[in-house]
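Could you put the whole structure together from the sequences, leaning on the hints where they help?
Below, each chain spelled out in residue letters.
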Amino acid sequence: MKFAIALFSAAHAPSSRRALLFAQAALAGGHEIVRLFFYQDGVYNASDAVVTPQDERDLPKQWRAFITEQQLDGVVCIAAALRRGVLNDEEAKRYQREAVAVSAPWELSGLGQLHDAVQDADRLICFGGA
Amino acid sequence: MPTLHVLSHSPFGDERLTSCLRLLGAADALLLCGDATYALQAGTAPFEALNTRRVKLFVLAEDAEARAVQVPDWAEAVDYPAFVDLSIHHDKVNTWL
Chain Z
5 MKFAIALFSA
15 AHAPSSRRAL
25 LFAQAALAGG
35 HEIVRLFFYQ
45 DGVYNASDAV
55 VTPQDERDLP
65 KQWRAFITEQ
75 QLDGVVCIAA
85 ALRRGVLNDE
95 EAKRYQREAV
105 AVSAPWELSG
115 LGQLHDAVQD
125 ADRLICFGGA
Chain C
8 MPTLHVLSHS
18 PFGDERLTSC
28 LRLLGAADAL
38 LLCGDATYAL
48 QAGTAPFEAL
58 NTRRVKLFVL
68 AEDAEARAVQ
78 VPDWAEAVDY
88 PAFVDLSIHH
98 DKVNTWL
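If you read the protein sequences in the order shown, they are chains Z and C.
First residue of the first sequence? That's 5 in this note's numbering, and the numbers climb one at a time after it.
First residue of the second sequence? That's 8 in this note's numbering, and the numbers climb one at a time after it.
In short, the hints are calculated from the structure, not lab data.
Treat the numbers as computed from the prediction; the structure is a model and nothing was measured.
All the given hints hold, so there is nothing to weed out.
Cross-link-like lysine-lysine pairs, in silico, BS3-like; alpha carbons within 30 Å at most:
hint: 1; chain 1: Z; residue 1: K6; chain 2: C; residue 2: K99
hint: 2; chain 1: C; residue 1: K99; chain 2: C; residue 2: K63
hint: 3; chain 1: Z; residue 1: K6; chain 2: Z; residue 2: K65
hint: 4; chain 1: Z; residue 1: K65; chain 2: Z; residue 2: K97
hint: 5; chain 1: C; residue 1: K63; chain 2: Z; residue 2: K6
Structural data, given as structure tokens:
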């Protein structure tokens with residue numbers, strides 16, 4: 005079974021943790037994740053600038069490790085990222101900003117990538133809110 | 008088309024659960040996670056609504072445990088592998104973001 009997973013909430017939201025645990029369980033169950041799409045506040049999960057308190061789960065770090073180890077397609081919505089100051093090197097240069105917060109394995113791209121993933125996947129599962 | 012509805016917001020803060028129950032089809036199921044598990048606090052209006060409707064009800068076990076919410080015998084506590092299975096056994100998953 006092919007899953008597309010969309011995450012709408014920031015790294016400190018409980019739903020971001022649920023998204024990661026769902027994704028891990030899906031792969032452990034022998035399923036495929038065609039794409040992880042980080043939309044709206046979900047873009048903060050891709051930010052290297054997030055500093056998580058020591059007694060909390062470091063979601064940005066865990067997403068990075070998960071996506072790297074499993075060689076997944078982690079796409080961050082470019083419009084949502086720009087308005088939240090979550091820029092990669094290319095966008096920082098384009099808009100003359102000092103702060104670069106996103107790097108590989110993450111990729112900034114458009115909402116079309118979510119649409120494309122939904123076409124390819126058997127199920128779209130969204131996480132967000134509380 | 009059987010749909011799995013996923014709720015994570017507290018039923019005491021908004022109308023998501025009420026709206027969801029209104030839309031829920033006979034073949035649909037409901038998964039409560041996060042603060043939505045508070046709907047299973049005995050004696051509350053959401054608890055009575057769910058108990059009366061007897062919808063196919065699932066609860067993310069660790070979220071219920073974290074909130075000391077007792078899962079009644081008419082609901083089924085699930086872990087993440089079971090959540091994945093539920094999403095496969097239903098044609099669509101509708102998350103009430």
